[in-house]
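Asker: Sequence:
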Amino acid sequence: MVALAEGIRLTGAALGAVGGALVALEFFQMPSYVSYQEEWNSYDIDIAPDEVTEHTNLGRVGGLLVSLGFALLFLGELM
Numbered sequence: 001m002v003a004l005a006e007g008i009r010l011t012g013a014a015l016g017a018v019g020g021a022l023v024a025l026e027f028f029q030m031p032s033y034v035s036y037q038e039e040w041n042s043y044d045i046d047i048a049p050d051e052v053t054e055h056t057n058l059g060r061v062g063g064l065l066v067s068l069g070f071a072l073l074f075l076g077e078l079m
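Taking the working numbering, the leading residue of the sequence shown gets 1, the next gets one more, and so forth.
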């Protein structure tokens, strides 16, 4: 039983670490409403509320993995 609980806790820690890395990568992506003009060496912001995406699937999967990792850590501690 102790080995199972330790395995669950280690799995939760691993999933949390991978999810945290994915969420961190989400912060380094350029938003969909910002574009870079090379010829003018400037950034343009075009905001149209219907076309703006704030998060990508990378961040959503990362958040899901972090929450699953915390849940497994909690379950492992209870066991």
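Bear in mind the hints are in silico, worked out from the structure with no lab data behind them.
Just so it is clear, the structure is predicted and the values come from calculations on it, not from any experiment.
Incorrect hints may appear among the rest.
Pair ranges (Cβ atoms, derived) [stated by the list, open to error]:
id, residue 1, residue 2, range
1, V34, R60, 13 to 23 Å
2, A13, E39, 20 to 30 Å
3, G7, S35, 42 to 52 Å
4, M79, S35, 49 to 59 Å
5, P31, V61, 13 to 23 Å
6, A3, F70, 13 to 23 Å
7, A14, A48, 36 to 46 Å
8, I45, E6, 42 to 52 Å
Think of the CB as a built atom: it goes at the ideal place given N, C-alpha and C, for glycine as much as any other residue.
Asker: So, for every hint listed, does it hold in this structure?
Answerer: Do the hints match the structure? See the list:
1. V34 <-> R60: 13 to 23 Å: holds (20 Å)
2. A13 <-> E39: 20 to 30 Å: About 48 Å separates the Cβ atoms of A13 and E39, which means 20 to 30 Å is violated.
3. G7 <-> S35: 42 to 52 Å: holds (47 Å)
4. M79 <-> S35: 49 to 59 Å: For S35 against M79, whose Cβ atoms are near 51 Å apart, the range 49 to 59 Å holds.
5. P31 <-> V61: 13 to 23 Å: holds (18 Å)
6. A3 <-> F70: 13 to 23 Å: This hint holds: roughly 21 Å between Cβ atoms.
7. A14 <-> A48: 36 to 46 Å: Once the Cβ atoms are compared, 40 Å apart, the range 36 to 46 Å for A48 and A14 holds.
8. I45 <-> E6: 42 to 52 Å: holds (50 Å)
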